[in-house]
Each structure stands twice: as C-alpha cells, then as structure tokens.
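Student: Residue strings, one per chain:
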Amino acid sequence: MVTTTAPPSQPAAVTRPRRAKAPASKKRREALAAYAFLAPDVIGLIVFVALPMVLAFGVAFFKVDGFGNYKYVGLANYQLMGSDDQLWAALKVTGTYVITFVPIAFVVSFALAMLVRNHFKGIGWVRSAFFLPNVVSLVVVGLIWQFLLVDKRGAISNLLAPLGLGDVSFLGTPSLALGTYVLISVWFLMGYQMLVFLAGLKDVPKELEDAAEIDGANAWQRFRFVIWPLLRPTSFFVVVNSTIGAVTGLQAFDLVYVLTKGGPARATSTVVLYIYEQAFTFNNMGYAAALTTVVVAMLVLCTGLMFAFTRGGRFDED
Amino acid sequence: MSATPLSARPHSPARPLSRRSVLRGGLGALAASAVGGPLLTACGGDDSGGGSGKELSFWNFYGPADDANPQSKWFVDVAEKWNANNDVKVKLRYIPSKDYLNGSTLQTAFQSGKGPDIFLISPGDFLRYYNGGVLQDLSSALPAESKSDYLPGLLEARSVEGKVYGLPMEIEPLAMYYSESAFEKAGLSEADLPKTWDQTLAVAQKLTGDKRNGVMFETLPGYYQNFTWYPFLWQGGGTPIKDGKVAFDSPAAVQALKFWQDTIKNKVAPRKALGDGGGDVLSNLGSGAVAMQQSGIWAVSDMRTKAKNFKYGIIPLPTPDGGKAATDLGGWAFVANAKGANPEAAAKFITWALGSTDAEGVERQRQWNTVVKTNVPPRKSVQTAADAKGAFGEGVLKKFVSEIAPSGQPEPRFPPEVYQPIADAIQACQLNGTDPGKAAADAAARIDTFLKTYQGAPIS
Numbered sequence: 001m002v003t004t005t006a007p008p009s010q011p012a013a014v015t016r017p018r019r020a021k022a023p024a025s026k027k028r029r030e031a032l033a034a035y036a037f038l039a040p041d042v043i044g045l046i047v048f049v050a051l052p053m054v055l056a057f058g059v060a061f062f063k064v065d066g067f068g069n070y071k072y073v074g075l076a077n078y079q080l081m082g083s084d085d086q087l088w089a090a091l092k093v094t095g096t097y098v099i100t101f102v103p104i105a106f107v108v109s110f111a112l113a114m115l116v117r118n119h120f121k122g123i124g125w126v127r128s129a130f131f132l133p134n135v136v137s138l139v140v141v142g143l144i145w146q147f148l149l150v151d152k153r154g155a156i157s158n159l160l161a162p163l164g165l166g167d168v169s170f171l172g173t174p175s176l177a178l179g180t181y182v183l184i185s186v187w188f189l190m191g192y193q194m195l196v197f198l199a200g201l202k203d204v205p206k207e208l209e210d211a212a213e214i215d216g217a218n219a220w221q222r223f224r225f226v227i228w229p230l231l232r233p234t235s236f237f238v239v240v241n242s243t244i245g246a247v248t249g250l251q252a253f254d255l256v257y258v259l260t261k262g263g264p265a266r267a268t269s270t271v272v273l274y275i276y277e278q279a280f281t282f283n284n285m286g287y288a289a290a291l292t293t294v295v296v297a298m299l300v301l302c303t304g305l306m307f308a309f310t311r312g313g314r315f316d317e318d
Numbered sequence: 001m002s003a004t005p006l007s008a009r010p011h012s013p014a015r016p017l018s019r020r021s022v023l024r025g026g027l028g029a030l031a032a033s034a035v036g037g038p039l040l041t042a043c044g045g046d047d048s049g050g051g052s053g054k055e056l057s058f059w060n061f062y063g064p065a066d067d068a069n070p071q072s073k074w075f076v077d078v079a080e081k082w083n084a085n086n087d088v089k090v091k092l093r094y095i096p097s098k099d100y101l102n103g104s105t106l107q108t109a110f111q112s113g114k115g116p117d118i119f120l121i122s123p124g125d126f127l128r129y130y131n132g133g134v135l136q137d138l139s140s141a142l143p144a145e146s147k148s149d150y151l152p153g154l155l156e157a158r159s160v161e162g163k164v165y166g167l168p169m170e171i172e173p174l175a176m177y178y179s180e181s182a183f184e185k186a187g188l189s190e191a192d193l194p195k196t197w198d199q200t201l202a203v204a205q206k207l208t209g210d211k212r213n214g215v216m217f218e219t220l221p222g223y224y225q226n227f228t229w230y231p232f233l234w235q236g237g238g239t240p241i242k243d244g245k246v247a248f249d250s251p252a253a254v255q256a257l258k259f260w261q262d263t264i265k266n267k268v269a270p271r272k273a274l275g276d277g278g279g280d281v282l283s284n285l286g287s288g289a290v291a292m293q294q295s296g297i298w299a300v301s302d303m304r305t306k307a308k309n310f311k312y313g314i315i316p317l318p319t320p321d322g323g324k325a326a327t328d329l330g331g332w333a334f335v336a337n338a339k340g341a342n343p344e345a346a347a348k349f350i351t352w353a354l355g356s357t358d359a360e361g362v363e364r365q366r367q368w369n370t371v372v373k374t375n376v377p378p379r380k381s382v383q384t385a386a387d388a389k390g391a392f393g394e395g396v397l398k399k400f401v402s403e404i405a406p407s408g409q410p411e412p413r414f415p416p417e418v419y420q421p422i423a424d425a426i427q428a429c430q431l432n433g434t435d436p437g438k439a440a441a442d443a444a445a446r447i448d449t450f451l452k453t454y455q456g457a458p459i460s
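Going line by line, the protein sequences match chains A and B.
Mind the numbering: the first sequence is residues 1 to 318 in full-length UniProt numbering, read in order.
Mind the numbering: the second sequence is residues 1 to 460 in full-length UniProt numbering, read in order.
It should be emphasised that the hints constitute simulated quantities derived from the structure, not laboratory data.
Careful, some of the hints might be misleading.
Claimed, not checked - In silico lysine-lysine, BS3-like type, Cα no more than 27 Å apart, as pairs:
id, chain 1, residue 1, chain 2, residue 2
1, B, K389, B, K81
2, B, K399, A, K63
3, A, K92, B, K339
4, A, K71, B, K81
5, B, K306, A, K63
6, B, K185, B, K195
7, A, K121, A, K71
8, B, K399, B, K306
9, A, K63, B, K81
10, A, K71, B, K452
11, B, K242, B, K89
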C-alpha cells in the first residue's frame with residue numbers, strides 16, 4: 001500500500017522502504033541485541049532462581065523422602081520448626097555471623113577504597129592484591145587457611161607463639177571458630193566491596209570536593225558533608241549485598257564445609273548448612289524447603305526494613 | 001561414610017555456591033540447594049543415571065580417574081571384563097569422593113528418579129536407602145557357596161529379614177598408628193606403647209611438644225568421627241541401641257566420651273587435624289604433627305605409596321581398665337538400585353564382581369584387598385589366597401589380621417536421626433567441655449524420641 005500511494009516526493013521510501021525506517025530499525029536492532037545479551041541471564045534467573053523458589057514453596061507442604069515420594073503434610077514442616085532446637089542454634093550462629101561480618105566488612109572495604117582511591121605508584125598492584133582473594137575458589141581459600149591456622153604448626157600459630165598464643169586452635173575452639181570465619185570472609189570479600197566503593201567514589205564530582213575545599217572545609221568535613229552523603233546508594237547496596245551474602249552463607253558455606261563441617265560442637269553450623277544437612281544428609285527435603293522459604297522471607301523482610309530505613313539509599317531530596 | 005580411604009575423604013559440597021552475583025545467586029542457590037536441584041534435574045538432561053535396560057550405570061568414587069591409579073584401574077578392569085561377556089553392559093561413572101560422600105549428587109539423582117543402577121554405599125547410609133525402597137535384593141543372584149564364603153556378620157549387617165541388599169568389597173578395621181621416631185626422640189620404647197586409656201594419656205603427655213601432639217582422634221563431625229568413636233563405647237560394654245530401645249545413657253558411653261574429652265583437656269591431642277583429618281595418616285602422623293593416630297587399615301597402602309621410608313607401627317586401640325578389646329570394621333559395599341532400569345542384571349553384576357568363588361573371582365578380590373588397596377578380605381577363600389601370597393605374613397598387616405580384626409564388630413547402620421545425637425554428644429564433650437553424663441543423657445533422649453515413631457528396618 002505504501003508503495004502505490006507514496007507521493008513522488010518520497011521516492012526513497014518507495015524504492016528502499018527499509019532504508020527509510022533506518023533510525024527506528026537501528027534502535028530496534030540495539031534493543032534486540034540487548035535482549036540477546038540479557039537472555040541467558042534472564043532465562044537462567046527464571047529456570048534456576050524463580051522457578052525453584054516457587055517450587056520450594058510448594059514442596060514445603062510435603063514430606064519428601066529423597067527417593068521421589070511425596071506425601072502432603074500441610075503445615076507440619078512449619079510447625080516442626082518451633083521445637084527444633086538445632087534450627088534455633090543455627091539461626092543464632094547465622095545472626096552472630098551477620099551482625100559481626102557486615103559492619104566489619106563495610107568498614108574495612110570502605111577504608112581500603114579510600115586508601116587506594118587516589119593514584120599513586122603501584123596503585124594497580126595494590127588494588128589487585130586486595131581483590132585477589134575474591135577470584136580464588138572458596139574451597140581453595142579454605143585449604144589455604146586450614147594450612148595457615150593448623151594447630152601448633154600453622155604459620156599464624158607460629159606468629160602468635162611469642163605472645164604465648166602458639167597453642168590456640170582457631171578452628172578447633174567453639175568460641176573462636178565463628179570469629180575466624182568472619183575474618184576470613186572479610187578478607188575474601190573486601191576486594192569486591194572495595195571495587196564497589198571505588199565505583200561509588202568515582203561518581204562523587206570532583207568539583208564539589210574542590211568547592212568545599214575552597215570554602216574552607218577540612219579533609220574530615222569534605223568527607224563527612226560531601227563524599228559520605230553522595231555514597232549513600234553505594235553504601236546501601238554494600239550493606240544489603242553483604243547481609244544477603246552472609247545469611248545465605250555465600251562466604252561461609254563453602255568455608256565451613258571445607259574447614260569444620262559445622263563444628264567444633266556445631267559452633268559454625270549456619271542456617272544454610274543446616275538446610276543443606278536436612279536436605280542431603282537427612283533426606284528431609286520438604287522440611288529443608290520450608291526452612292528455605294522462611295529464610296527467604298526473613299531476607300525479604302530484612303532488606304525491606306533496610307530499604308524503608310534508608311529510603312533505598314536515595315538522596316534526601318529525590 | 002565410614003572407613004573412608006584417604007583418597008576418598010570429603011572436602012566440600014557438590015554445589016559450590018556462586019560468590020559474586022550475590023543477589024540472584026544467593027536466593028537462587030539457596031532455593032536450589034534445598035529442593036530446586038532435585039526437581040530441576042529432570043530438565044538438566046543428565047542421562048547417565050537410570051540408563052536403559054541394556055546399559056547399567058555404576059557410580060563410584062574410584063574410576064575411571066584421570067590419573068588411572070591402580071584402584072581406578074581395578075574398577076575399569078572389572079567393568080571391561082563383565083562387558084566382554086555380557087549383553088547388558090556396565091558403564092562406570094566417576095564421581096569425585098567429596099561429591100560422593102558429602103555432596104548432593106546421589107541424593108538429587110534419586111530424588112528425580114534418575115539414580116544409578118549400581119553404586120557404593122557405606123553402613124551409615126544403608127538404612128536411609130533401604131527405607132527409601134531403592135535397594136535391590138541380591139539374594140536370588142547370590143550362590144549359596146558364595147554366601148557362606150563371607151565372614152560371619154558381614155552380610156547380616158547388609159541384610160533385612162534374611163535378604164542380602166549389599167555385598168561388602170572390603171573390611172577396614174581401625175588401629176592406633178604410632179611413629180617410631182617420635183617415640184625414640186621422647187626416649188620411649190616399645191614397652192611404653194599404651195594398652196589402656198590412662199597409659200595413652202600418660203604416654204601422649206611425654207610425646208607432646210611445641211610442634212607435636214602425643215595422640216590424635218578425629219575432630220571433624222560426621223559419620224567418620226562416629227565410626228571411629230564406637231570402639232571406645234564398645235570396650236566398656238556400651239551400645240547406642242539395644243533390642244530396638246535406646247541404651248546410650250550408660251556408664252560406658254560416659255567414660256568413652258570422657259576419654260576423648262581428656263585428650264583435648266590435657267592438651268595432648270589437636271583440636272583440628274591436618275589434611276583430610278582422622279583418616280589421613282600421611283598428613284598427620286607422617287608429617288610429624290602427631291605421634292600416635294587412630295586410623296584404619298587403608299592407611300597402610302597410603303604409606304606404602306607415598307611415605308615408603310617413614311617408620312611406624314600399629315597397636316590395638318587402647319582399652320579402659322577392665323575393658324575388652326574392640327574395633328570397628330568399616331567398608332563399602334556394592335548395591336543395586338531396585339528402581340533402576342534392570343535391577344536383576346545389576347544384582348548379577350554385583351554378585352559376579354564381588355561374590356564369584358571361581359579362581360578368577362577370588363583373584364579379583366585378592367587384588368582389591370591386598371594389592372591395589374589394603375583391607376582385610378571379607379571372604380574366607382580370598383583370605384586364604386592372600387595368605388598364600390604372604391600378604392599378611394608380617395608387619396602391620398599381619399597384626400591387623402591376627403590381633404585387631406578378630407575384636408571387631410561391623411560398623412553400625414544407624415540412620416541420620418541416631419547418628420546426629422551421638423555426633424553432637426561426641427563433639428560437645430571433645431571440643432566444648434560439656435559434661436559427658438549430661439551429653440549422653442541428652443543424646444539418649446533425642447534417640448528415644450526418634451525410635452518411638454521409627455517404622456523402618458531394624459537398626460543395628
């Protein structure tokens with residue numbers, strides 16, 4: 001139709017209709033390309049995250065024996081939690097881990113970011129050194145630390161021996177094991193969080209800092225009234241990110257599995273390890289699913305509270 | 001998970017959680033690790049489980065391994081030999097031991113109905129799989145002469161109501177290993193080798209220094225730790241369950257818990273072992289980190305291949321005053337999946353591979369038990385053949401067979417609900433200073449609660 005009614009003044013459209021749509025088509029091509037690049041992740045999210053979460057919610061109403069048999073039990077899996085002492089112990093371990101790990105990781109990685117923010121000789125090397133732990137598999141991290149922390153003979157025991165602490169067993173003493181995990185996790189994650197902070201710091205306009213300086217603000221004041229407020233979205237992301245990471249055991253799970261398997265005396269038995277045990281050691285997959293939904297609900301609640309509390313880290317007047 | 005060979009100690013979960021894509025990876029991995037995994041395996045398309053009626057999948061943690069080590073080669077040879085003479089072929093699938101022992105590979109496969117046709121099982125897992133209805137009765141495929149060739153007790157531990165559900169491939173007793181050089185350096189001789197718990201603590205004291213602990217027991221929680229602790233319970237006449245009722249709250253349990261606690265309290269034993277822990281003699285005794293270490297017969301072949309010049313000896317596990325000698329006999333078994341593609345053929349393969357009483361079958365067993373690995377052979381004919389070759393003629397292996405194994409009991413087949421309270425009691429006393437009497441009572445109460453509603457096969 002277009003070709004027959006097209007006025008002579010638009011011959012290009014007649015003979016080369018594709019070309020005429022070129023601007024829109026380019027946009028569309030770009031959009032298509034974007035979708036194509038996103039597709040693997042989106043499909044992955046749906047298949048490996050969204051779907052399992054929905055299924056987990058359903059499975060939580062069944063007794064699942066691990067051999068393909070399902071029996072509907074209603075809310076029994078949820079009711080079981082009330083009297084499950086070990087669950088509460090595991091939640092306590094997880095809670096302790098989160099409230100120590102998140103602030104320490106935050107402060108350490110922020111301090112690192114401030115430290116390596118300005119260019120100096122060897123900056124690349126320093127940044128890489130801090131980031132390096134993050135690219136190593138956690139299993140390898142575990143093996144390295146096991147070697148460093150081993151009773152009596154580890155490098156760290158040797159370092160501490162002059163202080164009379166050569167006999168301390170960091171991973172074999174219940175009161176120390178979790179703290180040791182916190183420190184190893186901080187060491188592991190600090191490079192990644194440092195990068196996030198660095199990215200945030202890049203977004204702080206230099207002119208604002210300069211202007212403050214001209215107005216007579218000292219270094220602390222520049223930090224307190226210019227940099228810090230502008231970093232709120234970054235800080236919010238880091239806190240939520242590391243809280244979720246800590247609860248779901250992203251840092252701790254592999255380490256715990258490699259190093260102490262939840263011991264000594266369940267001192268490092270986190271809630272995710274407990275869920276894993278319920279599912280794969282005890283074959284209580286329905287109960288594990290119910291526990292999972294509770295943990296996810298807690299995380300959503302936690303994140304929601306943080307969001308409400310900080311308005312998502314947005315700036316005050318937005 | 002008992003009697004784990006060195007090469008088969010667990011390291012980590014099968015499903016390493018994503019590290020950096022925290023927001024999505026976190027929740028997803030969590031959901032997936034709990035239930036998503038099993039349900040999704042159907043979409044995953046791993047068809048090596050189940051298999052067709054013409055091909056049987058055999059999941060194991062030995063072979064075919066990349067380095068084609070002798071133990072791997074033994075598995076490959078067995079499968080090849082079978083395949084050469086049978087229409088239904090056996091296909092090996094190697095699963096790294098850390099995934100096999102502590103991972104979710106098998107669990108997710110069974111949950112999605114795609115479990116292997118043939119697999120390896122430890123006593124601690126027997127009831128879980130039996131009660132799940134996936135163990136195939138091997139009795140009809142097992143000839144009478146083969147059945148009577150097994151040492152007493154071994155098949156019973158893998159049977160329910162007289163039907164055999166697993167054939168053991170080995171017997172792995174536990175002993176106390178000691179380092180000759182550590183004893184020499186401490187000015188001690190063979191006469192000082194401990195026979196009682198009190199002597200053990202006293203000798204360990206003398207052997208303990210700045211860089212060395214006198215004695216070592218497993219400290220990592222798990223089936224393996226329980227397995228290594230039971231002998232000390234049995235020595236005092238204790239048992240966790242008797243006639244279907246809990247019997248854990250006993251003086252024998254309390255004193256056994258206290259003995260392990262004392263080794264830590266007196267600072268003569270490490271709170272955390274090196275390498276892969278209690279079963280890893282190379283990393284602990286071999287490195288000089290400990291002077292005495294409780295471990296199993298598998299360590300003999302480990303030391304043979306990797307620490308030829310290290311001088312060590314073994315003694316039976318020390319007993320309490322007035323106690324009787326005891327050791328735990330571990331060992332893995334072949335089992336068939338009753339819900340597999342061709343359970344009858346799988347049963348035939350297993351009984352052929354491990355139970356054949358002809359010359360070739362005996363030789364195959366002799367190879368596994370005394371050449372590629374060190375075990376006590378589970379069958380009389382194989383023991384005779386091994387003796388003829390002088391396998392147990394001298395040294396530590398002779399001691400294992402003549403002095404230690406006779407005091408052994410097969411590893412108990414406790415379901416997770418029984419194993420866990422006992423594990424918690426051991427851990428709490430050993431590493432957290434809990435009162436042994438209280439720990440035993442707590443564990444007994446938990447086991448009692450479980451037994452009141454338990455409906456599966458007899459626990460022993």
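Student: Decide, hint by hint, whether the structure agrees.
Tutor: Verification of the supplied hints:
no. : hint               : in the structure
1   : K389/B with K81/B  : holds (24 Å)
2   : K399/B with K63/A  : violated (49 Å)
3   : K92/A with K339/B  : violated (41 Å)
4   : K71/A with K81/B   : violated (43 Å)
5   : K306/B with K63/A  : violated (47 Å)
6   : K185/B with K195/B : holds (21 Å)
7   : K121/A with K71/A  : violated (65 Å)
8   : K399/B with K306/B : holds (21 Å)
9   : K63/A with K81/B   : violated (43 Å)
10  : K71/A with K452/B  : holds (21 Å)
11  : K242/B with K89/B  : violated (43 Å)
The structure fails to meet hints 2, 3, 4, 5, 7, 9, 11 from the earlier list, while all remaining hints are met.
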